[in-house]
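The listed protein sequences correspond, in order, to chains V and G. If you use the working numbering, the first sequence corresponds to residues 1 to 214, in order. If you use the working numbering, the second sequence corresponds to residues 1 to 475, in order.
Don't read these hints as lab results, they were simulated from the structure. Glycine is no exception: its CB is placed at the ideal position from the N, C-alpha and C atoms. It is possible that some hints are incorrect.
Stated by the list, open to error - With beta-carbon atoms standing in for the labels, derived distance ranges:
#1 64/V to 127/G: 55 to 61 Å
#2 39/V to 127/G: 49 to 55 Å
#3 94/G to 20/V: 34 to 40 Å
#4 71/V to 22/G: 52 to 58 Å
#5 82/G to 139/V: 45 to 51 Å
#6 170/G to 51/V: 31 to 37 Å
#7 7/G to 111/V: 37 to 43 Å
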Amino acid sequence: MGGSRERVLARVRAALSDVPADEPVERHPHRSYADGHFEGDTLEVLVDRLLDYKALVERVPESELPGRIAAALERRGAARVAVPPGLPSEWLAEASVERVGDVPDAPLSSMDLDATDGVVTGCAVAIAETGTIVLDASPDQGRRALTLVPDYHLCVVRSDQVVDGVPEGVRRLDPARPLTWISGPSATSDIELNRVEGVHGPRTLEVLLVEADG
Amino acid sequence: MSSATFLGMPPFPEAARSAVEDSRTRHNLHKATHTIRGKRDAVVGELGDDWQRLRAEGEAVKTHTLRHLDHYLEKLEESVRRAGGTVHWAADADEANAIVTRLVKQTGESEVVKVKSMATQEIELNNALEAAGITAYETDLAELIVQLGEDLPSHILVPAIHLGRAQIREIFLDKMAEWGVPAPEGLTDDPRALAEAARVHLRELFLRAKVAVSGANFAVADSGTLVVLESEGNGRMCLTLPETLISVVGIEKIVPTWSDLEVFMQLLPRSSTGERMNPYTSTWTGVTPGDGPQDFHLVLLDNGRTDVLADTVGRQALRCIRCSACLNICPVYERTGGHAYGSVYPGPIGAILTPQLKGMSSEADRALPYASSLCGACYDVCPVAIDIPEVLVHLREQVASTEAPLGEKALMAGAEAVFGSSTALDAAQRAAGVMRGAVPKHLPGLAGKWTDTRDIPDIPEESFRKWWNEREEGR
Chain V
1 MGGSRERVLA
11 RVRAALSDVP
21 ADEPVERHPH
31 RSYADGHFEG
41 DTLEVLVDRL
51 LDYKALVERV
61 PESELPGRIA
71 AALERRGAAR
81 VAVPPGLPSE
91 WLAEASVERV
101 GDVPDAPLSS
111 MDLDATDGVV
121 TGCAVAIAET
131 GTIVLDASPD
141 QGRRALTLVP
151 DYHLCVVRSD
161 QVVDGVPEGV
171 RRLDPARPLT
181 WISGPSATSD
191 IELNRVEGVH
201 GPRTLEVLLV
211 EADG
Chain G
1 MSSATFLGMP
11 PFPEAARSAV
21 EDSRTRHNLH
31 KATHTIRGKR
41 DAVVGELGDD
51 WQRLRAEGEA
61 VKTHTLRHLD
71 HYLEKLEESV
81 RRAGGTVHWA
91 ADADEANAIV
101 TRLVKQTGES
111 EVVKVKSMAT
121 QEIELNNALE
131 AAGITAYETD
141 LAELIVQLGE
151 DLPSHILVPA
161 IHLGRAQIRE
171 IFLDKMAEWG
181 VPAPEGLTDD
191 PRALAEAARV
201 HLRELFLRAK
211 VAVSGANFAV
221 ADSGTLVVLE
231 SEGNGRMCLT
241 LPETLISVVG
251 IEKIVPTWSD
261 LEVFMQLLPR
271 SSTGERMNPY
281 TSTWTGVTPG
291 DGPQDFHLVL
301 LDNGRTDVLA
311 DTVGRQALRC
321 IRCSACLNIC
331 PVYERTGGHA
341 YGSVYPGPIG
351 AILTPQLKGM
361 SSEADRALPY
371 ASSLCGACYD
381 VCPVAIDIPE
391 VLVHLREQVA
401 STEAPLGEKA
411 LMAGAEAVFG
421 SSTALDAAQR
431 AAGVMRGAVP
441 KHLPGLAGKW
451 TDTRDIPDIP
461 EESFRKWWNE
471 REEGR
């Protein structure tokens, strides 16, 4: 194995004999492009893009969040709901559902997760321009399987987590954490390049966008 | 349950002749490529002038990385190891296949689930695993269709692009039962029903699989992060639920820093599926305790890439981020489809990448640089500004300058007789827009075989590039 490592690296170096030895290895880019590409209200754009990708979206005043979560779960008919270890306890205070907790000491199996009706989480970042929600497996989101196996994902996004465009989103994220970028429910364009929503990931994504009570 | 191979396929002119006679395939391709072009134009247009700035930055990042690839490979290796992953180096396909086979055998498993990956298609990993008694299940919908149909991929992004919904339905009904959960009785050809059938077919497999094999769209040197973009969630299933993950990644997939992803996460989805963002992107850095596979292996693959790197003109092909925009815009691809190129990398990028990776020792590989009208549309849409026509002409010169079989010699001689030199041929064809009506309906030499079976595409009054530039100026 060591032999191939040296062989490949030697081939690379030989292939690059035209590159001047004093050419700097580190690059310091001067990025000329914009952080965002739209005019208008960031939260409105996020809602517009989420709807465009067939997610369900509601804007919610903070004080109403527990009630709106309960209402969403009831609408969905979700009786057994997977819960990440650090979900704020007040979020499910008004929901009459069975909470299926996933904790590090006793993780649910894939089959257990498959037997739930959905999952409720927070998020790390949301990118308005692309309608993207990023999960970073923090305690209010749980490990990645939690938001993958259940067929319904109810995600709470706080307005201060929303950024305009991709560059700001990337800056806010920690690559050391496992990240999942989600833009709408699972979909495929593999049949005649027509987009069809709902394949292996959650087939329904519902977003509650929370703003401070005004 | 055998896997097809491109090995032994006839050279492009011969394969193209039969491909264009297949009217159903041509219909499917026309419909699909025109659909995707429209979507791409819309989402690229949304970024206005910034698209060209992002494109220039994408080009600059990739060019810089390639010029210092040894440095970044070592950096990536160190970062992945630090994060708990194991790094393997494979000089060629056989070595990569042997590494993956050994790693799977060490787990004691005899099946793996696969995320769509061009690198593993290139090395024909599934055949190698099959020979070792290991079943590889493709989980991307299009790859699944190709695998069930014992077919070959014909497009980088959508390997089953040559098939229409009715054909896909037939394949599901005929073949799903051989591999696992059968297609439901009464399956219709509604894409929703077909996607649902795929979900049911693969569900239990995802939940039980212990080993997954993937590629990666990007490997970040400074953080050791691997990135996979996908749509269906099959990627997430494979990258998250199994205990062992083996990722086979070409050495050119590196970007230096995490922040470089802000460029490529804008360029790639808009160029490939014509979306502002693909439904799912997964990133992982080594192993995360309690979350996802606890055993992670990165196999760094050369397999001819260092030969491409050694060619100062041809090396730009290694910037490719596999978006497929050049396939979707190409008048030749639209008419012949992907199979005629005899490679997992079809279309304009395949015409420059395949012969460089494989070394142009076979007639099939030597014919590929001629599978183009040099119209330049591929360069215009490339998100990392690979000048495909420049490399095509460069490779034609190489073919012509070596002891070539008579066909290629004859082609170059014929072309030179008409246009004076290959460089002049390039210039003349790029200028074809102003020569409408003066262009012969048949090309000389080997390319004549190509025009035997079809009309040369009508040359638009205005080239794409000219239209684009005027459009940009008007903003």
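Structure-based check of all given hints:
{"no.": "1", "hint": "64/V to 127/G: 55 to 61 Å", "result": "holds, 58 Å"}
{"no.": "2", "hint": "39/V to 127/G: 49 to 55 Å", "result": "holds, 53 Å"}
{"no.": "3", "hint": "94/G to 20/V: 34 to 40 Å", "result": "holds, 35 Å"}
{"no.": "4", "hint": "71/V to 22/G: 52 to 58 Å", "result": "holds, 54 Å"}
{"no.": "5", "hint": "82/G to 139/V: 45 to 51 Å", "result": "violated, 24 Å"}
{"no.": "6", "hint": "170/G to 51/V: 31 to 37 Å", "result": "holds, 36 Å"}
{"no.": "7", "hint": "7/G to 111/V: 37 to 43 Å", "result": "holds, 41 Å"}
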